[in-house]
Amino acid sequence: MSSKLVLALPSKGRLMEDCAGMLAQAGLAIAKSGSARGYKGAIGDLPDVEVNFVSSSEIAQFLKNGTAHLGITGEDLLREAISDCDARVTLRKPCGFGYADVVVAVPAWWIDVRRMADLEELAMSFQRRHGRRIRVATKYMNLTQRFFAQHGVSGYRTVESLGATEGTPAAQLAELIVDITTTGATLRANDLRVLDDGVILRSQAHVVSSNVARWSEHFRAIEQQVLDALARAKRPPTH
Amino acid sequence: MPTEAARKEPALATERLMSAFVRAGYEQIATTVIQPAGPFLDSVGEALRARTYVFVDRDGEELCLRPDLTIPTCRLHLARHPSGGAAARYCYHGLAFRYQPGGATPTHPTEFRQAGIESFAAADQEDEDAAILALTLEALREAGLDEAQLTIGDLGLFAALLDAIPMPTRWRRRLWHHFWRRDSFRPVLMRLTSSEALKAHEIPRDLVGRLDPANPEAAEAVVVDYLERSGLSIYGTRTLPEMTERLLAAAADAREAPLDLAAAALIDSFTLVRTPAPEAVRRVCDLLRPQKIDIGPALASFRRRLDLLDSHGVDTREAQFSAVFGRSLEYYTGFVFQAVSPKLGATSPIASGGRYDGLLTDLGAPHPVPAVGSCIHVERLFAALLGEGP
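Going down the list, the sequences are from chains A and B. Sequential numbering of the first sequence, starting at 1, is according to the numbering used here. Sequential numbering of the second sequence, starting at 1001, is according to the numbering used here.
It should be emphasised that the hints constitute simulated quantities derived from the structure, not laboratory data. Since the structure is predicted, the reported quantities are computational estimates derived from the model, not experimental observations. Be careful, since some hints might not be right.
[To be verified] Chain A stretches covered by chain B per the calculated footprint, using a threshold of three residues with CB under 8 Å from any CB of chain B:
#	stretch
1	103 to 112
2	129 to 139
3	153 to 161
4	170 to 183
[What the hints assert, rightly or not] Residues on chain B that point at chain A, a partial pick, calculated with CB under 10 Å:
#	residue
5	D1042
6	P1101
7	H1178
8	R1246
Where a beta carbon is used, it is the ideal one built from N, C-alpha and C, also for glycine.
Excised from the complex, chain B in its bound form (with noise of 0.2 Å):
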């Protein structure tokens, strides 16, 4: 329970942070502040470099100051468990560190404090989402904070979407690579829906009329006879038949019937979806209905998941849902959530996570291995409980 006590003792919050995990059985385990570039410039992408300090040692080696602790807590698990697939539950809490371009603000800072939790490779999937976010929410109320809007989401729900829907699976693809770009998805969503714009390529008439879908072994043939009679000579790491599989693909768009309207319609009113909680499964239910898809399995394990954030002594009657909710971090795959103080607002969460399976196989395991994991801002947190405005 919070006490009076812990709210006008701010210093004691990241301690009372740790002592919720360390009590639900997380080893407590900590990584250095420096870490090598690389995993985390692959896993996130090159706009890590705007936000991260990176830096070159002497020796030449790319480094940076750690932009936050999931990825060195992965690294740390890997280098105990190469294959990744021993269940295991950490804790931690430590420094990051980001750059701000407009300056740096107290809920923004440059150099904060993050408290957080990693489980990998536990059985059921399902109920250790639901732990997870529960034992973040209980180490924030122990901290003091007793107010935070929570969010929630499921990439599995837009996986299983794009699943169902009758389309080639390189469209599917394009879409859900897409999907982690705002700006560009509805329009590339758009494209598949017009033949004129699946015909339309930059790609030499004459080569794609030669390039038959049907008949991939053929067509190696036929882009290097183009190649050859064009002067153009192969070199450096891509391949031939790398780009004679993008060729035939562009060969293949142009051939293809585009996407069914109403099956477009639904995908973009399906990421539009926002609503309490309660009312997510029938929302998608309704939305899915009329055209016939199912997806059944997905939604079976999103209503399982909030029975069990339920059972876990969350209340999920006050979160709200939102279906393209963890767009911001390619590398979430399922379950994702994050808690606002209402004093700081939506642009300053104070905790955030979710399920992120394929991020282990990115730093080196070799399958995939199930995790999910939580942070919390200490900075915001002190904010908030102070009751500063950002």
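Bound-form chain A, shown alone (with noise of 0.2 Å):
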């Protein structure tokens, strides 16, 4: 049991250096401690806060667990990694960078499927003649799950796809693909296109506390500590 505030932050790419800007922007520059590569780090105003660095979903799974008291990651890697979300985390403030849309799409020439509600007429169709169910592709397989029931979708399958989403529908992997784009052009590039109710959710990078965590007074002390100056600093640019 650590007697310090676990703060879990991105251990690489871009993520993590948008989340020490604006630490940094705070005021709450990060030291790595141990050797270059270190995964563990500090904050000097901050003596009782230990920061680790770990890859973007295994901080949802360390809030989700508590092992982790705050943290830095993305909602949809939140959404998807914890079923019951809103129960076991709190998102305190959103950070302004780390943009990803969540969506549902298909081949740019099924211009029949405009709609979630058209998906499962075109499941209907689709399964009596090929005798199988529509293929969606993700890495989202939660997150698709309870989007397609909420729009009475159910003539599907999902298969999961961690990598070049994009291309399982022209490889014949995949029918149609629930993934995240930012601009649209990777979608476009791969004659996909967003269903017009197709938008899961529009995510970015949130600072997020675990509710199964061990707090003490302290902590919550400190935890609002860091609020504060993230608030009064001048919020990074956006892109």
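Taking the hints as your guide, dock the two standalone chains into a single complex.
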């Protein structure tokens, strides 16, 4: 049991840089401890905070089981990884970076499919013709299942896809996809079109606190200090 | 006959269930706990994934802990008889697994025993329906349960009703498809009664105007021309004829006379029929008569099954009939039933079952195979025997 408040941050990539930038701007610069590639860090003014650098999807797990008190990660990863997300974690503050929309996209030439309701009708005729259900390639299995159920779409199968999801319809591994997009350029380049009501989630990175971590009054005070510092700081430029 | 001994020894309940099944001539079989996930996801649908422990093995195969034992039994039958057409009766008991999103409870555990019977390719379907239900109730009685409320339904009545009402075949398919989707069924039905709703579609006007439902051969060329001019290229598994068929259906809907309001009201009121079983035929006839709709053969089959249930010793006077009962599992096709203990309530049925004539073709049989079965939730049976609430 750690006696410090654990803050989980992304360990690499653009998201790590944006997090470090945001915290530095708020006067909470992180010093990596140990070797240069160390996965631990500290914040000068907050000696009772231990920073853990982990992969973005692990941050969701850390917050879900209370290994970390605070973390910064994408809402898409949280909602995918935690079925009872609103019970286990609290989204404290949107960061203004890490934008990604989780969307349902179909081949652009399917001019008869504009909305989710069309998808259910298509599923019915597809099954009759092919003797199987339409396949949805995605790494967001849970978000997909929940969103499709909300829209009454049930005649499909999900196919897990951990990379290059946008290529799966052309490769005939799936008929449509659920994937993230920021500008839509990758989807367009692959002749895919987002359904009119096919935005599952407009996601960005959030400062998130775990509801199941072991909190003390002291830790809550530190959390408030971090949030206040972030609120005072100028927001980083959005893109 | 139930005995005090049986009631005090729920541990023996499974044995008593199985011995009733075996005595009735059902072959006891065992299927594997780990099953390929595909057959479950294909036949029950993706909603199953939310309730099932699905995982990937080291070779990348998608497997699951069986969420019920009916589909494994079907697969075993097909492995023995690839056509599925050989008559066979099986019984089983074993563990099944379901993820419980709100947390497990004694009546909704994640791991539970299921005991059941399945019958394939029996010649006399109504008689087999009756025999399956009668044996289920008898086994429950022998295990010590002497109080069970019975609900029955017959999806064949709804299918016959759709067939008897004049409308395009594609509308029948649509209504049957949405029948399983409680929330969308009525909106879909109401749409068919409005010519504005039928004309409303999001297919480009300039395209739909050029599609003539009476001339489907010419339509593909029209669609290809439209796609080319829009810079859209065809790729993937879906084909041009498939999309053209759906575009033509939209064009046809736009010109079709809407569904008669009285017919839609009849369908709607039919789905609301709930009545004691002996009243069911009269109630349905009363609904149909003013509309001059005849579903005689389906009603005769229903009536005959009731008679057969009586001769098998099932008291149907206390049973409830619900016209939409069986709506929760898409693979049921005809007779459906469930038995509820008053101690546990309708959300935790102790036994349920029905006819599923389409499932074996979904699982690879070349032709439809008559199939009917029943399963008992053993943990709930125990809870009822011990008098525990839900």
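Evaluated hints:
Restraint check on the stretch 103 to 112 of chain A versus chain B: 6 residues with Cβ-Cβ distances below 8 Å, three needed, restraint holds. For a cut-off of 8 Å, the count of residues in the stretch 129 to 139 of chain A with a CB near a CB of chain B stands at 4, and the three-residue condition holds. Beta-carbon proximity to chain B at under 8 Å applies to 6 residues in the stretch 153 to 161 of chain A; the threshold of 3 is reached and the given coverage holds. Taking a C-beta to C-beta cut-off of 8 Å, the stretch 170 to 183 of chain A contributes 3 residues in contact with chain B, enough for the three needed, and the coverage statement holds.
The criterion of a C-beta within 10 Å of any C-beta in chain A is met by D1042/B, whose closest approach is roughly 6 Å, and the hint holds. Interface hint status for P1101/B: upheld, as the beta-carbon distance to the closest one in chain A is roughly 7 Å, under 10 Å. Taking 10 Å as the C-beta contact cut-off toward chain A, the hint placing H1178/B at the interface holds, the least distance being around 8 Å. Nearest Cβ of chain A to the Cβ of R1246/B: about 5 Å, under the 10 Å cut. The hint holds.
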